[in-house]
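Heads up: the sequence lines are chains A and B, in that order.
Under the UniProt record's numbering, the first residue of the first sequence is numbered 1, with each subsequent residue one higher.
Under the UniProt record's numbering, the first residue of the second sequence is numbered 1, with each subsequent residue one higher.
Hints were generated in silico from the structure; no laboratory data involved.
Please note: incorrect hints may appear among the correct ones.
As the list claims (entries may be wrong) - In silico SDA-like cross-links for lysine to any residue, where the CA-CA straight-line distance does not exceed 25 angstroms:
no. : chain 1 : residue 1 : chain 2 : residue 2
1   : A       : Lys108    : B       : Pro3
2   : B       : Lys91     : A       : Arg92
3   : B       : Lys205    : B       : Ala50
4   : A       : Lys108    : B       : Arg241
5   : B       : Lys91     : A       : Asp218
6   : B       : Lys91     : A       : Arg78
7   : A       : Lys108    : B       : Arg240
8   : B       : Lys91     : A       : Ser151
9   : A       : Lys108    : B       : Lys205
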Amino acid sequence: MMNLPEPAIAVRDLRVSRGGVEVLHGLTFEMPRGQVTGLLGPSGCGKTTLMRAIVGVQIVTGGEVTVLGRPAGDPSLRRSVGYSTQSPAVYRDLSVVENLRYFAAVLKAPRSDVDRVIEEVGLSSVAGQLGGTLSGGQLNRASLAVALLGSPELVVLDEPTVGLDPVLRQELWLLFQSLADRGVTLIVSSHVMDEAARCQRLIVMREGEILADDTPHDLREHTRTTDLEEAFLRLIEERTAA
Amino acid sequence: MNPAITLATARRILTQLRHDHRTVALMALVPTLVIILLYYVIDDQRSFDAWAPILLCVFPFLVMFLVTSIATLRERTSGTLERLMATPLGKLDLLLGYGIAFGLMACVQVAIALAVSLTWLGFDLAGPLWSLVVIALLNALLGTALGLLCSAFARSEFQAVQFMPVVMIPQLLLGGILVPRDQMATVLEWISNVLPMSYAIEGMKVVVMNGELGGEFWRDVAVVAGSALLALVLGAATLRRRTP
């Protein structure tokens, strides 16, 4: 994939406060197009807040977030950014198909997209079931399917693989990769380190700051370990030593 | 705003209702059952003729207020609202979608209650039927709009339900049902003058009692419609694309 000169996301000195406490302390980074970027870090480190700022639903206290060349949350971006929150945002009293048909209508996506995304997230066998009768993992995938409707240029997924069996997780990562190969930019958050190796690029966060922004390979080189969990610990040590 | 998205939203809400048979049955039948109960409790055709229209006024408002405030609160807490706010859906698309879907439910509700009242219960209507339907529907819309607005101030279903007596009871007490409005203390009459339900009840009385749809009737209709519109716009202002 050729790198376009303009990055998919450019964040400059982003500061966010929630409940009077600053949770993101001036983040600055860029993300190239057509890659899967993993956003890693322990729970509470600010991953979700950062993703919300990129999607443009978070009130920010300072800094700039530019998405696909426009300020985050710009009305023109609403069809080109797909977003799936950590807790599944679908209607429990509608079936999977009905949920997707509705969101497809709102996004003006072709109706055929509904079947495509159901297939992609592997929910064909339960497509007619109400959301409330699905398992947590199935509900999560239904929510993920909504983010894939239309032809988003950027897909932001908050912990999409939590609670999934390894085979499904593998399938979803292959799907993410195939989207990236088509030129879609993906941001996928996770607190499981073993998923990091599947990304082209990693942003490691802790307590509202970026510890590292590198490829998995360079991160391993830099921290002189093959284990990403170990690498994370080294990064924290480095920070405290400095 | 976009008509296709508005209609898709209305269809989605009706589909949600279709999966919930009990709620549909309650919405459609409870007003009628209460009117039948009232008929036998009062046991006097003239008094019944005076009370029935008030119930026809109050019920669409009450039911739509409750259903809408809970439905939108759910939408806020389940994350679907945040998801929708990140899509091209306009705020009014969502509000009008609710208005259309629950307005249709109100039609069914009023149609059943009216059919039973006019035939079995011998309810006598001086004015034309459509004028009563217009008032009842506007009341349903007003209930929907106020429900949307109030849900913005409720953090939980418990709180949302508590808003119902807050919004409802003063409007009933001051609406001229128990005591004619011009016999109230001046301050209360002033308050009564700014509550939309007072006009709905007055309009309903005109339709039932003398049936002459003069300027007063249309003023009542305009006030209720205007209040519903105002509540919708205020409701839209409480929907935020960005949240803390």
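Verification of the supplied hints:
1. A:Lys108 - B:Pro3: Holds, at roughly 12 angstroms.
2. B:Lys91 - A:Arg92: holds, 22 angstroms
3. B:Lys205 - B:Ala50: Roughly 8 angstroms between the alpha carbons, so the hint for B:Lys205 and B:Ala50 holds.
4. A:Lys108 - B:Arg241: Holds. A:Lys108 to B:Arg241 sits at ~19 angstroms (cutoff 25 angstroms).
5. B:Lys91 - A:Asp218: Violated, at about 46 angstroms.
6. B:Lys91 - A:Arg78: holds, 14 angstroms
7. A:Lys108 - B:Arg240: With Cα atoms ~22 angstroms apart, A:Lys108 and B:Arg240 stay inside 25 angstroms; holds.
8. B:Lys91 - A:Ser151: holds, 23 angstroms
9. A:Lys108 - B:Lys205: violated, 46 angstroms
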